[in-house]
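So the protein lines, in turn, are chains A and B. If you're matching positions, the first sequence starts at 1 in our numbering and goes up one per residue. If you're matching positions, the second sequence starts at 1 in our numbering and goes up one per residue.
Source of the hints: derived by calculation from the structure; they are not laboratory data. Just so you know, these numbers come straight off a predicted model, no measurement behind them. We put the beta carbon where it would ideally sit given N, CA and C, even for glycine. Accuracy of the hints is not assured; some may be wrong.
[Unchecked claim] Here are the simulated DSBU-like pairs of lysine-lysine, each with C-alpha atoms no more than 35 Å apart in a straight line: (1) A:264 <-> B:122; (2) B:71 <-> A:572; (3) B:71 <-> A:553.
[Unchecked claim] According to the in silico footprint, chain B covers these stretches of chain A (three or more CB under 8 Å from chain B): (4) 116 to 127; (5) 448 to 459; (6) 569 to 581.
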Amino acid sequence: MIDDSPESRAQSLATINAIADTVYRYRDPNALVEKAVDVIIQYIPVTSVALLLLAPGGESLDLVAWRGFTSETLQVGSRLPIHGSLTGLTVTHCEIITDYDIAHSEALEPRVQRALLAQGLTGCISVPLLFQEHAIGAANLIFHESQRLTRLQRETLMAIGKTIGLAVANAQHVARIEAEIQERRRVEAELVSYREHLEELVAARTADLEDANGLLREMNVRLEAAQRHAEEISQAKTVFLSNMSHEMRTPLSVIIGYASSMLKQSPIYGDVSLPDLYRNDIALILDNGQYILRLINDLLDLSKIEAGRLEMHPVEVDLAALLNEAIHDSMALLHDKPIALRTAFPESLPLAWADPVRMRQIALNLISNAIKFTRSGTITASAEVTENRVRVSVADTGIGIAESALPHIFERFRGTPSDRRYDGTGLGLNITRQLVGMQGGELMVTSTLGQGSTFSFTLKIAPNQTATPLHQNGHIRIFEVPATPAPPGTILILAPDLVLRTAIESAGYIVLCPEDQIQADAMIARFTPDLVLVDTSFLAQDGQVWIKTLPCKVGLIADKFQAVNVDLFFIKPVDPNQVVAALQQTLAESRP
Amino acid sequence: VTHYILLVEDNQAHADLMIRTLAAEGYSVQHTSHGLDAAAMIQREARPSLILMDFDLPDIDGRNMVLLLRKQFGESAPPIVAVTARTSEGDIQDGQRIGCAAFIGKPFYPDELVQVVNRLLKDTA
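Take these sequences, add in the hints, and give me the full structure.
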């Protein structure tokens with residue numbers, strides 16, 4: 001091999017340099033070990049060489065590269081235990097082991113031993129691969145016979161072992177760092193993809209939510225439309241009922257009027273009194289006429305309440321006066337029943353805060369209800385102060401209400417027995433309760449079957465204790481207050497514009513709206529309007545001539561300008577406010 | 001003195017009931033169902049002591065009739081009583097606003113009509 005001569009020293013240095021040059025060029029540990037065994041074979045006269053590296057954990061050695069022998073059982077990655085093996089000793093002691101007899105060693109893995117001997121390889125030098133004073137593996141140089149090493153040879157091999165060890169350690173380190181970088185990149189990429197996925201997920205969820213929101217909005221719109229529709233229907237119902245009600249009032253007035261006149265032997269029948277045979281039947285006509293009236297009033301009230309069109313106008317109300325009046329007005333309902341109608345108040349009852357018209361309706365409803373269900377005894381309408389409010393009660397000694405029926409008495413058509421003897425519309429208590437609710441109270445009932453019932457509720461005490469005078473009887477009023485002055489002027493409008501009519505009416509003028517020119521003539525003759533406002537489309541062929549004959553000021557509404565002599569001229573479309581302003585100016589000029 | 005009352009009412013049966021009721025009380029009643037006729041009658045006949053005015057007339061809104069008649073008579077307008085099937089609180093206030101002396105909502109008892117008329121004519125007498 002190499003002796004210690006100067007040439008050998010130079011050769012030794014050259015070998016170390018050549019090996020170093022080769023192995024430091026490689027960063028990949030696998031490529032590096034392959035090149036390392038190549039360069040060893042090239043520069044050192046060995047038969048074969050094997051490179052082993054400590055496996056992670058340091059308990060075993062992995063065969064990573066070899067040259068110069070073949071084995072069926074050995075392959076890259078073959079693992080040898082560190083204990084009991086030749087290379088194990090090298091690695092543990094960090095020393096070159098020489099002169100090793102392969103044939104007689106017990107410290108050789110049997111597979112390796114068999115493989116080497118099979119090829120006549122019997123001598124071995126095991127060189128540790130060192131890195132920072134530790135062996136990370138070994139290079140086993142194998143010969144056909146045992147070898148002895150000179151000092152130079154030993155130093156050279158140690159230097160080669162250090163060189164390869166450093167290169168492998170560096171390569172492994174770089175590989176670990178690269179792997180780490182790879183791993184970090186992978187994790188980072190995973191994170192990025194995760195985040196993107198998350199964003200997608202969030203976007204998808206957001207889209208879902210938006211869809212749901214859209215659906216909700218759409219449903220809301222539909223709901224609102226449905227509600228509006230329902231309100232419109234409710235309003236239409238109220239308007240219809242209101243119209244129906246007033247259409248029925250005049251015929252009812254005839255029925256009730258004649259029937260009551262007949263029963264009272266009015267002077268309109270002279271001295272002729274009603275035969276008894278008819279009296280009862282006429283009384284039935286009167287009763288039923290009144291029943292229809294109550295029904296109409298109740299239905300109208302209920303419809304207004306439902307449509308939210310029943311307005312409350314609360315003022316200071318003298319409940320004592322109101323209840324006294326209600327009791328007085330209810331006397332007529334007693335007929336011949338032995339019932340005492342009474343009122344009861346403390347000496348200084350404060351004024352209550354309520355709508356007097358509706359309060360009166362509530363009192364009359366409760367009293368008439370009590371009369372209906374009382375055969376004899378007492379009905380008391382009372383008021384008293386309780387917990388900063390005024391409690392109003394109507395108590396009777398009537399038939400009472402069964403406990404099982406109590407929860408239902410405020411329901412429509414459930415309050416009264418179906419027996420028409422009790423003559424109710426079935427709506428009275430329901431309306432009464434709602435009217436009480438609209439005054440800020442709650443209608444309560446206590447009752448004992450066979451002994452009587454008490455209906456009561458409370459009202460706020462009026463903030464101001466100055467009484468507002470009570471209105472007279474509901475449908476009859478005599479106005480004490482002097483009338484407002486007569487309106488400023490009369491305008492006759494011959495135009496289809498309803499908005500315009502309303503605007504002029506709102507400005508305080510009396511507005512006459514004839515259907516045609518002929519009726520207009522009649523109205524002009526009778527009422528001498530201050531101004532006639534004409535839409536040219538309403539005029540007959542002689543329209544222009546007709547205008548000239550008018551005994552008052554004239555305003556013309558036309559599609560385009562016309563050369564006519566009028567006081568006011570408007571071109572369509574007209575602005576009602578401008579028309580009103582022009583009318584006011586023109587009519588003011590005519591005042592003396 | 002026989003008071004002359006002008007009744008403007010377009011339901012004939014109802015007008016008859018009112019005419020007979022008032023006549024039985026000694027009043028003289030002139031009746032028409034149209035606003036225009038009422039205006040003509042006022043120009044033609046003697047000044048009525050009282051006018052009963054329905055609000056739903058076929059030709060002219062009764063409320064306008066009240067305003068027109070008040071304008072026509074000026075300061076010396078006789079009391080005008082609204083007799084109407086429109087009986088809401090708003091209608092009653094409308095009646096007061098346009099200068100009615102009283103308001104009678106339908107249906108009513110003939111007695112109630114007589115009471116209102118008696119009271120208003122006693123006031124003006």
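For each hint, the structure was consulted:
no., hint, result
1, A:264 <-> B:122, "24 Å, holds"
2, B:71 <-> A:572, "32 Å, holds"
3, B:71 <-> A:553, "18 Å, holds"
4, 116 to 127, "violated (count 0)"
5, 448 to 459, "violated (count 0)"
6, 569 to 581, "violated (count 0)"
In the structure shown, a violation is registered for the earlier hints numbered 4, 5 and 6, in ascending order.
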